[in-house]
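Using the sequences provided together with the hints, build the complete structure.
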Amino acid sequence: MSEALALVPKAEAKQSMKDFKSDQEVRWCPGCGDYAVLAAVQSFMPELGLAKENIVFVSGIGCSSRFPYYMNTYGMHSIHGRAPAIATGLATSRRDLSVWVVTGDGDALSIGGNHLIHALRRNVNLKILLFNNRIYGLTKGQYSPTSEIGKITKSTPMGSLDAPFNPLSLALGAEASFVARSIDSDRKHLQSVLRAAADHQGTALVEIYQNCNIFNDGAFDVLKDKDSAQEAVIRLEHGQPIRFGAPAEDGLGRMGVVRDPASGDLRVVDVTVEGTDSVLVHDAAASSPTTAFALTRLADPDTLHHTPIGVLRDVKRAVYDTDMAEQLEQAVVQQGKGDLGKLLAGGDTWTVAG
Amino acid sequence: MTSQVSTSAGDPPAVGDVLGEQRRPEKQTRRLDRVIIRFAGDSGDGMQLTGDRFTSETASFGNDLSTLPNFPAEIRAPAGTLPGVSSFQLHFADHDILTPGDAPDVLVAMNPAALKANIGDLPRGAEIIVNTDEFGKRALERVGYAANPLEDGSLESYSVHPVPLTTLTLEALKDSGLARRDAERAKNMFALGLLSWMYHRPTESTESFLRKKFAKKPDIAEANVTAYRAGWNFGETTEDFAVSYEVAPAASAFPPGTYRNISGNLALAYGLVAASKQAELPLFLGSYPITPASDVLHELSRHKNFGVRTFQAEDEIAAIGAALGAAFGGSLAVTTTSGPGVALKSETIGLAVSLELPLLIVDIQRGGPSTGLPTKTEQADLLQAMYGRNGEAPVPIVAPATPGDCFTAALEAARIALTYRTPVFLLSDGYLANGSEPWRIPEEGELPDLRVDFATAPNHTNADGTRVFWPYQRDPQTLARPWAVPGTPGLEHRIGGIEKQDGTGNISYDPANHDFMVRTRQAKIDGIQVPNVAVDDPGLADGTGRARTLVIGWGSTYGPITAAVRRIRREGGQVAQAHLRHLNPLPANLGQVLGEYERVIVPEMNLGQLAHLLRAKYLVDAHSYTQVTGLPFKAEQLAAAIAQAAEPVGTDGRSGNATKAEGNADV
Ligand code: SF4
Numbered sequence: 001m002s003e004a005l006a007l008v009p010k011a012e013a014k015q016s017m018k019d020f021k022s023d024q025e026v027r028w029c030p031g032c033g034d035y036a037v038l039a040a041v042q043s044f045m046p047e048l049g050l051a052k053e054n055i056v057f058v059s060g061i062g063c064s065s066r067f068p069y070y071m072n073t074y075g076m077h078s079i080h081g082r083a084p085a086i087a088t089g090l091a092t093s094r095r096d097l098s099v100w101v102v103t104g105d106g107d108a109l110s111i112g113g114n115h116l117i118h119a120l121r122r123n124v125n126l127k128i129l130l131f132n133n134r135i136y137g138l139t140k141g142q143y144s145p146t147s148e149i150g151k152i153t154k155s156t157p158m159g160s161l162d163a164p165f166n167p168l169s170l171a172l173g174a175e176a177s178f179v180a181r182s183i184d185s186d187r188k189h190l191q192s193v194l195r196a197a198a199d200h201q202g203t204a205l206v207e208i209y210q211n212c213n214i215f216n217d218g219a220f221d222v223l224k225d226k227d228s229a230q231e232a233v234i235r236l237e238h239g240q241p242i243r244f245g246a247p248a249e250d251g252l253g254r255m256g257v258v259r260d261p262a263s264g265d266l267r268v269v270d271v272t273v274e275g276t277d278s279v280l281v282h283d284a285a286a287s288s289p290t291t292a293f294a295l296t297r298l299a300d301p302d303t304l305h306h307t308p309i310g311v312l313r314d315v316k317r318a319v320y321d322t323d324m325a326e327q328l329e330q331a332v333v334q335q336g337k338g339d340l341g342k343l344l345a346g347g348d349t350w351t352v353a354g
Numbered sequence: 001m002t003s004q005v006s007t008s009a010g011d012p013p014a015v016g017d018v019l020g021e022q023r024r025p026e027k028q029t030r031r032l033d034r035v036i037i038r039f040a041g042d043s044g045d046g047m048q049l050t051g052d053r054f055t056s057e058t059a060s061f062g063n064d065l066s067t068l069p070n071f072p073a074e075i076r077a078p079a080g081t082l083p084g085v086s087s088f089q090l091h092f093a094d095h096d097i098l099t100p101g102d103a104p105d106v107l108v109a110m111n112p113a114a115l116k117a118n119i120g121d122l123p124r125g126a127e128i129i130v131n132t133d134e135f136g137k138r139a140l141e142r143v144g145y146a147a148n149p150l151e152d153g154s155l156e157s158y159s160v161h162p163v164p165l166t167t168l169t170l171e172a173l174k175d176s177g178l179a180r181r182d183a184e185r186a187k188n189m190f191a192l193g194l195l196s197w198m199y200h201r202p203t204e205s206t207e208s209f210l211r212k213k214f215a216k217k218p219d220i221a222e223a224n225v226t227a228y229r230a231g232w233n234f235g236e237t238t239e240d241f242a243v244s245y246e247v248a249p250a251a252s253a254f255p256p257g258t259y260r261n262i263s264g265n266l267a268l269a270y271g272l273v274a275a276s277k278q279a280e281l282p283l284f285l286g287s288y289p290i291t292p293a294s295d296v297l298h299e300l301s302r303h304k305n306f307g308v309r310t311f312q313a314e315d316e317i318a319a320i321g322a323a324l325g326a327a328f329g330g331s332l333a334v335t336t337t338s339g340p341g342v343a344l345k346s347e348t349i350g351l352a353v354s355l356e357l358p359l360l361i362v363d364i365q366r367g368g369p370s371t372g373l374p375t376k377t378e379q380a381d382l383l384q385a386m387y388g389r390n391g392e393a394p395v396p397i398v399a400p401a402t403p404g405d406c407f408t409a410a411l412e413a414a415r416i417a418l419t420y421r422t423p424v425f426l427l428s429d430g431y432l433a434n435g436s437e438p439w440r441i442p443e444e445g446e447l448p449d450l451r452v453d454f455a456t457a458p459n460h461t462n463a464d465g466t467r468v469f470w471p472y473q474r475d476p477q478t479l480a481r482p483w484a485v486p487g488t489p490g491l492e493h494r495i496g497g498i499e500k501q502d503g504t505g506n507i508s509y510d511p512a513n514h515d516f517m518v519r520t521r522q523a524k525i526d527g528i529q530v531p532n533v534a535v536d537d538p539g540l541a542d543g544t545g546r547a548r549t550l551v552i553g554w555g556s557t558y559g560p561i562t563a564a565v566r567r568i569r570r571e572g573g574q575v576a577q578a579h580l581r582h583l584n585p586l587p588a589n590l591g592q593v594l595g596e597y598e599r600v601i602v603p604e605m606n607l608g609q610l611a612h613l614l615r616a617k618y619l620v621d622a623h624s625y626t627q628v629t630g631l632p633f634k635a636e637q638l639a640a641a642i643a644q645a646a647e648p649v650g651t652d653g654r655s656g657n658a659t660k661a662e663g664n665a666d667v
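As they're listed, the protein sequences go chains V and E.
Final position of the first sequence in full-length UniProt numbering is 354; the numbers increase by one with none missing.
Final position of the second sequence in full-length UniProt numbering is 667; the numbers increase by one with none missing.
Covered stretches of chain E, as calculated for chain V (at least 3 residues, CB under 8 Å): (1) 252 to 258; (2) 266 to 274; (3) 296 to 305; (4) 330 to 337.
These are computed hints drawn from the structure, not numbers from a lab.
A virtual CB, placed ideally from N, CA and C, is assigned to each residue, including glycine.
Written as structure tokens, this is what we have:
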């Protein structure tokens, strides 16, 4: 069991996916990517072996934010954008809980952008699952802060003018200690990322590309279609050279990621032409976020070609709630356990006798 | 009652460690029953510290007192200008008093700006102590004095003491080795020493205070003590100050007990710590810095050894969000702010109403709208607290009446929140927050028991006989729902802001269910048990009969209203008084009380918000008297306004604000 979950009580009996299903009927649109993520999370949870009464899912508003209702754990469906703030209060005051935030691209990056970046910089022990479908679903199809420029939606009949956020670049800029990405339909990969997130001490941000088949269908098809995915998806593995594409002679991908010595940027090369010597070896634990940031910039924002998935960054640094608990203990050591009578009396008092 | 006043310092100095000494004047002394002093100077002159110290000396001497700090919102407004003037008013007496006083008997003016900004408040004959060193040509011109008021006869009707405070301070410190700049800064202590001599204040506590405050800079500490003593000696030796004054301790005004001086924000912070202890729940404060509430955050941050967690959030919304999250986890959760912050928190307060979790929202009201007057007081958030949310979202409101009462009000707000599982507003204001008064320290046994029962087991049996947990199965008495905190096995449940089915808490869009839930949430708040409002109507007791007029207020106007009512009664007038601590729900007997008086007068520091509520709920023709100057009511003015408004209907019609109130001849 990882240190991150050391304070959370363990389940007494072996759990199954069924234990995490609530009695509520799931009400996403048929075919929505959220179903796949829910199933992946429900079937992953038993693996953690935590007492399920010590698990809490907190969400904001949006399609994905209905998630807590379907988990047979404690849960709160809060208000738009505020889940990271609410979860911060819960996690800092109850370190025996495993707290998960479920949010979407509008919820986390638009109305709740401030809370997201501050949760990341504080590094509270929270796991944030950001369902990115690049559209507003619940309000019926307006462009979102991750929609591509020029997107035609109900609120942008002539095309959206907004430059989108790159959620992972943003997270790294906000000092995130754990940043990862996965795809709704790839359960095995998604669960491997969830595992790493759960093991991480502090805030973990997991961006999950999620298909909204009603308002933005096929947004990530290029990453899912078996043929295109080979060229489009870069699967990152810690300690492994960053290779993808059709296999070269050595069995690894024909394409590799190298650093451009002039600009410091990363670029994709054909290793059969340029050789494998300069191909980067992925180091999620690198103390500098520079390479992770460069990886987040690799994908073409329009075609999504060269999209890295997996854990981009996973580093150890001070965890907010741990440090707060330590300050409380320190205060008792330094000042003694709080004595209300003494506190109220303060410094100068005088007595009026009866 | 035989009374005796003794003083004690909380941290007695170690033996042989002389921190301060007690000094006694030898000149002629005169007895006074009460005095109002105002210290005024530049924001950088240390007037708040000077006032605080004089207050501490006065409190430990055993006078009753009330204070009014008044300072600009700018941290260091331009020196020597009118907007940069900072003042501290203190009213102390040998009897019980209720307000910081209307007009100062003594003004200490550290520069021309301080004189000009305050002279209008002084009655004829008031004493003015001025620092003549600051009355140079440029300083005078900066505030628009064409001639030096100390020389042109314009201050003839006052008793002016010109004192070269700066020169005398520098002279006293010439051997200190301090740079001129540093030495000059001690002039406020010279002034404090002089005033301490004039009013026979105990001196040792200030000396030990200075030595502790500047413990890391012993030369500065010594300089301040030297300046303080020099000021005292100056009073004792110079001919300009022929008499000193004695104001006897107000022993008979105080019930027996141990007392201290306390400000509203400090009392409020202590009330929260006490509530946490009495509830046996950890305290969690989510807050974002805002004037005049930040001091509560600062204070609570110092008490981590009580298990207090303070979280300085990224914004007001996150502050209350984190508090609500902590409430879900079983903490006594609090968020502290002022009016603009409440506006930002509104949506989360609505969520707390829907989730039915205990949460304290402390609003230290200040002048509005928008940024308004951050350092000045106002009561204009009452309707915001009452109604400022989308949908039907009732929230109980508790308002303290005096600085010390902030302690009790915090406990009461916590009681309501914990018993009824609801967010509760605690409406203090800038006047209470920064003002101070003597406060009887309660014994721990006097504090209410606030312990709660968390839900631990299923509370409903399904048709098939299985036992389940229903998060919205209510207590039949209080209508409170169970508080089941994460970590409790078998009670896993989901709650949210979407309308919930009665009982199960599952999402429900059913029209009849929504109607039922809206009414039930309202009924829960309406049904909160609060004490009846007490009416002070001396005529009922002494047989002269009920007064025609009732004056009713809420919150920090308690002091000025009570002082005004006393004035009216002293002059033979008859008026009843009631004061509301609970604004939502209102006390059950209030409708009856209002109906018993021909005239109901409601003084408020807003444009009539309580009057509006009373008119709407009880159909009473409440007469609203209002003031929004950013300052508390003055008792004399208020007395005149009440007297005028109390005239039989018809003579003054029902005109609104008796703003021009001269005297009170008819009562
Ligand atoms: S609108 Fe889109 S995201 Fe929302 S439930 Fe339907 S398919 Fe899923």
